[in-house]
Each structure stands twice: as structure tokens, then as C-alpha cells.
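J.: Spelled out from the first residue to the last, the chains are:
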Amino acid sequence: MKRILIYIMLLLPVVASAQGKLYERYASRADLTVAQVSGFRLNDTARVDVVLVVADDAAAWQRLARELDIRESEGVTSWLGAADQPARRARWTGAQALRVVASPERRSVGFYIIENEGQYDALLDYQLNQTVKNKKK
Amino acid sequence: MEHRVLTDNEFDQLWQEASARSQGHRLSEGYGQWQRNRRRTLGTLAMLTVLAAVALPLLTGSPRNDVYEHVYCNRTGVADGQWAELADALLMEA
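Quick mapping for you: the protein sequence lines, in order, are chains Z and G.
At position 117 of the first sequence (counting the first as 1) the number is 117 in the working numbering, and the numbers step up by one without a gap.
Count along the second sequence starting at 1, add 1000, and that's the number in the working numbering.
I should point out that these hints are in silico values taken from the structure, not numbers from a laboratory.
Values in this document were obtained by computation on a predicted structure and should not be read as measured data.
One thing to keep in mind: the hints can contain errors.
Claimed, not checked - Covered by chain G, per the in silico footprint, the following chain Z stretches (three or more residues, Cβ under 8 Å):
#1 36-46
#2 72-81
#3 100-107
Said to hold, decoys possible - Restraint ranges, calculated between C-beta atoms of paired labels, are given here:
#4 G1043(G) <-> G118(Z): 36 to 46 Å
#5 A1079(G) <-> D44(Z): 19 to 29 Å
#6 V1078(G) <-> R63(Z): 19 to 29 Å
#7 E115(Z) <-> L1058(G): 18 to 28 Å
#8 D31(Z) <-> L1051(G): 44 to 54 Å
#9 D1080(G) <-> R91(Z): 32 to 42 Å
As the list claims (entries may be wrong) - Just a sample of chain Z residues kept apart from chain G, beta carbon distances all over 10 Å, derived:
#10 D57
#11 A65
#12 Q96
Just so it is clear, CB atoms sit at the ideal spot from N, CA and C, and this is done for glycine as well.
Start from the sequences and build out the full structure, keeping to the hints where you can.
T.: So this is what it looks like as C-alpha cells:
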């Protein structure tokens, strides 16, 4: 009983957020492993919530890729998605959105939930800095 | 003006009363000092407790919290840190 209460308490904030909705969308599927990372650090002042979905096998990835309109030939792709429709490519409008990154090689998709302009800028800076670091190696 | 000469008994009695009053004064002074010391000690202890409560998490904060605050997964067997690494790797590759 105590354990059930603890699970309910842990899930309450999950259910209430966009992160929770995304998590719920995929967590019940047997062919996917889903994790939500709260407060992923981008810089000293900005953090984002992230939902990561990993397909367990090639068939599961095919299904996931089809749902999200991911083209295998493009390799790692990223786009801005609508919070309620991750597959739909959208523009940043100041409202809640997603930075979706899909990697066929890792059979993984990351949904980075953007709730304000600070997070949006920090996410772009993070990607830019990481890419520069990567090129320097 | 006439001065009455105290008898030995009267003088002894007065002497004892004076001694008792002096002792009582000293006792109350000592008690006041003890109370002040106790307040000072308790104040210092309270201040140290507050300082420790604030400083210890800052000094010993786990590196995990530098990267993420909390991870929840629908399966067991994958370390929380690996999810944070995946979140980082995907951004790096994009």
C-alpha cells in the first residue's frame, strides 16, 4: 500500500505536465523504453525537461519512425515540434514547443520541452557549443 | 545624639544577615551570568546548525544534480546517468 502511494506521488507531477503527457504516450508500449529526465542542465541558469524514447528493436524503430515522419536517409534529424503533436514540424512562436531530435543509429528520439524563450536560446547555444566542441576534438 | 551600643548577640545577628544578603546577591549574579552564557551557547549552536544546513548541501552536492534533477523510466536496469548522457549525445549529434 505504502509503495503504491509513493508511486502515485511520483507520478502526480508527471501526469500534470507536457512532459508527463509525452511520457504517457510512449511508456505503455511494450516495444519502447521511455525515460523522462527532469531539469536537464543547459547552462548555469537554464534547464529543460526531456523525454527520451528508445526502440527495443528494428521493427519498433520502424513503427516509431513512421509515426514521427522520420526519414532514415537523413540520419540524425532535429526539428521544432508542437507539444501535442510531436511529429508536426512547427515554428517557435513563444508558446510551449518541443525540440525533437531523432537518431536512427541509436533508435532513439529525444523530446526537449521548451517553455520559454530563455530555454529556447539556451538549447540552441548548447547545441552550437557542443557541435563546436565536437569539431575541435 | 546617643549611640546605642549593640550587644554581642545583636551584632552577631546583624553580621549573619548581612553575610546572607551578600551571598544571595552573589548567587543571583552568578545565576544571571550562567543564563547569559547558556543563551550565548545556544545561540552559537543554532547559528552553526543553520550554517551547516545551508553549506553542507552546497559543499557535498552530488555531481548528478549538476546535469539533471530527476530521472524516471518505465523500465528498470538503466542507470539514471545514462539517460542524461543520451540526452546530451542526441543534442550533440543533431
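J.: Take the hints in turn and mark each one as holding or not.
T.: Verification of the supplied hints:
Against chain G, the stretch 36-46 of chain Z contributes 6 residues with a C-beta closer than 8 Å to a partner C-beta. That satisfies the three-residue criterion, and the hint holds. Under the rule that three or more residues need a Cβ within less than 8 Å of chain G, the assignment of the stretch 72-81 of chain Z holds, with 3 such residues. Counting residues of the stretch 100-107 of chain Z whose CB lies closer than 8 Å to any CB of chain G gives 3, which reaches the minimum of 3, so the coverage claim holds. Range check, G1043(G) to G118(Z): Cβ separation about 42 Å, and the 36 to 46 Å hint holds.
Between A1079(G) and D44(Z), the C-beta spacing of about 25 Å keeps the proposed range 19 to 29 Å intact. In this structure, V1078(G) and R63(Z) meet the distance hint of 19 to 29 Å, their C-beta atoms being roughly 21 Å apart. Hint check: E115(Z) to L1058(G), Cβ distance near 27 Å, so the stated range 18 to 28 Å holds. A hinted range of 44 to 54 Å holds for the C-beta pair D31(Z) and L1051(G), which are about 52 Å apart.
The hint said 32 to 42 Å for the Cβ distance between D1080(G) and R91(Z), and at roughly 33 Å that hint holds. Even its closest Cβ contact with chain G, about 14 Å, leaves D57(Z) beyond 10 Å, as expected for a residue assigned away from the interface. With a minimum CB-CB distance of about 15 Å to chain G, A65(Z) clears the 10 Å threshold, and the non-interface call stands. Every CB of chain G lies more than 10 Å from the CB of Q96(Z), the least distance being 18 Å, so the non-interface label holds.
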